[in-house]
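With these hints in hand, go ahead and build the complete structure from the sequences.
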Amino acid sequence: MAPIKRIATDAQGRYAVTASDDKTARVWEIATGRLLQTLRVPIGPGDEGKLYAVALSPDGETVALGGFTNATDSHQSIYLFARSSGQMRARFSGLPNVVSQLSYSPDGRWLAACLWNGGLRVYDSQQGAAQTPLADRDYGGTCYGAAWRQDGWLATSSFDGKLRLYQISQAGLQRKQSVAAPSGKLPFQLHFSPDGKRLAVGYSDSRQVDVLDGDSLEKLYAPDVSGVDNGNLGRVAFSADGRSLVATGSWKKDGKTMLRLWAEGGRGAYSDLAVSENTVMDIQPLPQTGWLLAASDPAWGVLQESMQTKSRASIANLFGNRNAALLVDETGRSLSFGFAGMGREPWQFDMAQRKLSPGQLKTGHAPRTDGLPLTNWEDNTRPVLKDLALTLHQGETSRSLALDAKAERFVLGADWSLRQFDASGKQAWEKPVPGASWGVNIPRAGRVVVVAYGDGTLRWHRLSDGQELLAFFPHGDRKRWVLWTPGGYYDASPGAEELIGWHINRGPDRAADFYPAARFRERFYRPDVIDLVLDTLDEGEALRLANENRPQALNNKSIAQSLPPTLHLQTPADIRSSSERIRIQARADSAADAPIKRWFVRIDGVKANLSVAAQSQFDQEISIPREDCTVELFAENKYGVSNPLPVRVTWQGRAPSAAANLRLPLLRILAIGVSDYPKGIPPLQFAHKDAQDFIQFFQAQKGVLYRDVHITPLLNGNATRDAITRAMQALEEQVKGSDDVTMVFFSGHGEMAGNGKLFFLPADVKPDNLRGSAIRHEEVLELVSSLRGKALVFLDACRSGGGKKAAESFDITRIVNEMGSAQSGAVVFASSTGREFSLEKSALQNGVFTAALLEGLRGAAAEQGKITHGSLRRYLEKRVPALSGDAQHPSFLAPQSVQDFPIAVQR
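Under the working numbering, read the sequence shown as residues 1138 to 2044, first letter to last.
Don't read these hints as lab results, they were simulated from the structure.
Every residue, glycine too, gets a C-beta built ideally from N, C-alpha and C.
Hints may be right or wrong, so weigh each one.
No farther apart than 27 Å at their CA atoms in a straight line, the calculated lysine-lysine pairs in the BS3-like style are these [as the list claims (entries may be wrong)]: (1) Lys2003 / Lys2015; (2) Lys1563 / Lys1523; (3) Lys1734 / Lys1694; (4) Lys1816 / Lys1873; (5) Lys1816 / Lys1894; (6) Lys1499 / Lys1543; (7) Lys1563 / Lys1543; (8) Lys1894 / Lys1694; (9) Lys1313 / Lys1356; (10) Lys1978 / Lys2015; (11) Lys1334 / Lys1356; (12) Lys1839 / Lys1826; (13) Lys1492 / Lys2015; (14) Lys1543 / Lys1826; (15) Lys1616 / Lys1734; (16) Lys1356 / Lys1322; (17) Lys1492 / Lys1894; (18) Lys1616 / Lys1499; (19) Lys1873 / Lys1734; (20) Lys1543 / Lys1523; (21) Lys1694 / Lys1775; (22) Lys1873 / Lys1839; (23) Lys1816 / Lys1734; (24) Lys1616 / Lys1393; (25) Lys1978 / Lys1816; (26) Lys1873 / Lys2003; (27) Lys1492 / Lys1978; (28) Lys1826 / Lys1734.
DEER-style ranges, computed between Cβ atoms [said to hold, decoys possible]: (29) Asn1367 / Gln1441: 23 to 29 Å; (30) Lys2015 / Glu1533: 44 to 50 Å; (31) Gly1874 / Lys2015: 32 to 38 Å; (32) Thr1426 / Arg1615: 29 to 35 Å; (33) Lys1543 / Leu1981: 50 to 56 Å; (34) Asp1756 / Gly1624: 38 to 44 Å; (35) Thr1787 / Asn1513: 56 to 62 Å; (36) Ala1542 / Gly1298: 50 to 56 Å; (37) Asn1853 / Pro1182: 57 to 63 Å.
Laid out in structure tokens, this is it:
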């Protein structure tokens, strides 16, 4: 959620590790871009925990992290993590200043650490954390660059304008050269050619790039930088074979950050490529071909010699979202912003409907910037009101401005602060900010100010005193979003509950833990609180009012006192196996008052048939399929289920036999459709027909994709509570095969009771006694979670059409998030999103969702002759809005460990 400052890889180029201002480091599989591990250091308020430096040992086993890391005392630390398990191995402490760069020697023995105004430290990896590092403190500025030669010599760059070359041994740190950088006072990144004969240097204060002699540090030549007319080329790297040299940084062309590649190691012709939206912060060569890039978008990518890039970005680029790029309605409950920077790719969010959609807000207003003599407020360090210079921090830049409707006060957004002033220029309040305040807007009601921040969030602050009330994070995939209050009460779209959570420090010598918000769903998932915050302008009052309408069980324990277990892997997280049984060992940490109740395991989302003692230690042999798979461990205590602990298995044995590949799975379906309800509940037209049509389709898949299809149909009067309960119990007992597939289809009404409980309504429901006559959604969740084999749930619910209250009466988003979680293992399709109605249309003779679903299953969603849950999702995402006139949008969620698999074959 913040700029990636550095990127590192191992000697074989298998892994990338990124370090970010968001106070995490992340381990990625380069070949696939898959996130393998998130590393968490102790953090605190402000800058504490921001990571500016990362190094990965050549063998890929140890990650070194540094930055603003003085959580324990007045000194900074370097944290060493096991790449595979994510556990902290050691901590080098006692550093006098922030760590700006880390780099391992080619043999992995030495770790170089560059410091802000503190010189150089070099650690011996063969010694423990208590060692006294080799040091050169004679630096007159921040050391930003460290590059190793293959023979173990080290070059550094410093903002004192000097380049230094060292020979390092157990005897000490010997400085061999110290020269002035030839083309600038602020040399930044360095990189040796593979043979060590040349050293490339980029600068922060110059557009020049130099190539120096690798021994004497004398200038050999300067690559052609003609046409580079802005920014810098401060990040440089040779290719693995030394034939090419690349440089990038903040140089832009047509709004894109550019990279230049020279042939002949920098002597030859060049070509240019747009590689990023924002500044490239780091570039590192890959061992075979190409480079890794890290940018402040935030994004990382792979640049190949063919000049193709891959990028991973997860946040909205809110840079330049000021003036007409940030629109709000009268109250601030609806807004629009540009997803791609400078207001490009406008999207809007309707808080009342909980709907994120493309396009600019038609009823929105741009921030008012006229009415007072304000100047120099756009990208300037000295904003002025008439003749009065407005207060900012030293070096801080003003970014955005909004006046209230009467021009009696205004809010100024800057890099590090948000400030309100009155019309005379007197400051009323100042608040620190989570990122640059790219845009501000005061709705005409004048009660709040809406801010677009550099961390990809939009936040509502109380105008009277700047207190934050609410935050909104739209994910870069344009689908997921989450809203939350400072106290942690939240609402989230399907799959978005993992985007926020609680960080728990475990002391200076242990990795911190992170618990996604979903782990505390019962306590903090409160859409009703979110609804009231902008009315009350007070989180506490919103909670009080919400609890009056929906009583909650009191929980006075702090988060730290009510945690689910934390799991620690004691065997490798990546296993290569030719045996169908692997052994996994793990440990669960759990509170003294919350012993482990049970362990369970899922393999690619399918529940394993294991019996594990309820104890803190897990030590089991597990049967795996003859293919690559992901094994996930879970432990549960009275406070909930742990985060999944993944083990990735690469199969190296014999492939399954042809006969095994030809064996068809068994399909079991529980299909419920209720159109006829007791008096007091509006009838539906096509719910029973939806279930009938679903059944009919899958009956025809017998002998095609499934060896047999067992169906339990419960339609209209047959769909009583007792009948549904018996059918679910029977299904749980019958499903035994791990390759088999179970589907649960429900079409009918859903309702939410006053205590927040959700119910599916059977045919004999008693409206005044939902608890005793309806099906609790937890019952369905328990069924789905208990099943072996693959499980899919289809929900065409909440179609009552009885006004706004009816649309809000069944929280489909919560059900999707719960049933599609990693611990349940189910793939979930639902008819609508947020607070939309699920519609029926006579012309379709079905509900809109089921009509689109059947179209997709019958072949419209086929890809290469098969309908997978992924291809079906892609079809429904387009077809349901089309059939409903954009009034209805389906929800979908599948656990990350569940691979895409076929559910039907086109006939």
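Outcome of the hint check:
As the CA atoms of lysine 2003 and lysine 2015 are separated by approximately 18 Å, the hinted pair is consistent with the 27 Å bound. Taken as a hint, the lysine 1563 and lysine 1523 pair is honoured in the structure, with Cα atoms around 13 Å apart against an allowance of 27 Å. A C-alpha spacing of about 20 Å is found between lysine 1734 and lysine 1694, which places the hinted pair at or below 27 Å, so the restraint holds. Simply put, lysine 1816 and lysine 1873 have alpha-carbon atoms about 41 Å apart, too far for the 27 Å limit, and the pair is violated.
As the CA atoms of lysine 1816 and lysine 1894 are separated by approximately 22 Å, the hinted pair is consistent with the 27 Å bound. Only pairs whose Cα atoms come within 27 Å are accepted, and lysine 1499 paired with lysine 1543 is accepted, the gap being roughly 23 Å. Proximity of lysine 1563 to lysine 1543 is assessed by CA-CA distance (about 17 Å); at most 27 Å being required, the pair is judged to hold. For the suggested pair lysine 1894 and lysine 1694, the alpha carbons sit about 22 Å apart, so the restraint of at most 27 Å is met.
Between lysine 1313 and lysine 1356 the CA atoms are separated by roughly 16 Å; this keeps the pair inside 27 Å, and the hint holds. Proximity of lysine 1978 to lysine 2015 is assessed by CA-CA distance (about 18 Å); at most 27 Å being required, the pair is judged to hold. With a CA separation close to 12 Å, the supplied pair lysine 1334 and lysine 1356 stays within the 27 Å bound. This hinted pair checks out: lysine 1839 and lysine 1826 have alpha carbons roughly 21 Å apart, not beyond 27 Å.
For the suggested pair lysine 1492 and lysine 2015, the alpha carbons sit about 16 Å apart, so the restraint of at most 27 Å is met. Between lysine 1543 and lysine 1826 the alpha-carbon distance is near 58 Å, which puts this suggested pair outside the 27 Å criterion. In summary, the hint linking lysine 1616 to lysine 1734 is not supported, as the alpha carbons are separated by about 36 Å, beyond the 27 Å threshold. Between lysine 1356 and lysine 1322 the alpha-carbon distance is near 15 Å, which keeps this suggested pair within the 27 Å criterion.
For the hint pairing lysine 1492 with lysine 1894, the CA-to-CA distance comes to about 23 Å; that is within 27 Å, so the pair holds. The straight-line distance between the Cα atoms of lysine 1616 and lysine 1499 is roughly 21 Å, inside the 27 Å bound, and the hint therefore holds. Under the criterion of a C-alpha separation no larger than 27 Å, the hint pairing lysine 1873 with lysine 1734 is consistent with the structure, at around 23 Å. With a CA separation close to 18 Å, the supplied pair lysine 1543 and lysine 1523 stays within the 27 Å bound.
Proposed proximity of lysine 1694 and lysine 1775 is supported: the alpha carbons are some 13 Å apart, at most 27 Å. Simply put, lysine 1873 and lysine 1839 have alpha-carbon atoms about 19 Å apart, close enough for the 27 Å limit, and the pair holds. For the proposed pair lysine 1816 and lysine 1734, the alpha carbon gap of about 44 Å is over 27 Å, so the pair is violated. Pair hint lysine 1616 plus lysine 1393 holds up; C-alpha atoms about 25 Å apart against a cutoff of 27 Å.
The straight-line distance between the Cα atoms of lysine 1978 and lysine 1816 is roughly 23 Å, inside the 27 Å bound, and the hint therefore holds. Of the pairs offered as hints, the one joining lysine 1873 and lysine 2003 holds, with about 25 Å between alpha carbons and a cut-off of 27 Å not exceeded. For the suggested pair lysine 1492 and lysine 1978, the alpha carbons sit about 22 Å apart, so the restraint of at most 27 Å is met. Note on lysine 1826 and lysine 1734: the hinted pairing is violated, with a Cα-Cα distance of about 43 Å set against a maximum of 27 Å.
Between asparagine 1367 and glutamine 1441, the C-beta spacing of about 26 Å keeps the proposed range 23 to 29 Å intact. The supplied range of 44 to 50 Å is met by lysine 2015 and glutamate 1533, whose beta-carbon atoms lie about 46 Å from each other. For glycine 1874 and lysine 2015, the hinted distance range of 32 to 38 Å is satisfied, since their beta carbons lie about 34 Å from each other. Separation of threonine 1426 from arginine 1615 is about 32 Å and conforms to the stated range, judged on CB atoms against 29 to 35 Å.
For lysine 1543 and leucine 1981, the hinted distance range of 50 to 56 Å is satisfied, since their beta carbons lie about 52 Å from each other. Taking the beta carbon of each, aspartate 1756 and glycine 1624 are about 40 Å apart, inside 38 to 44 Å as hinted. Roughly 59 Å separates the CB atoms of threonine 1787 and asparagine 1513, a value that falls within the hinted 56 to 62 Å. In this structure the supplied range 50 to 56 Å holds for alanine 1542 paired with glycine 1298, their Cβ-Cβ distance being about 52 Å.
Between asparagine 1853 and proline 1182, the C-beta spacing of about 59 Å keeps the proposed range 57 to 63 Å intact.
Checked against the numbered hints listed earlier, the structure breaks hints 4, 14, 15, 23 and 28; every other hint is satisfied.
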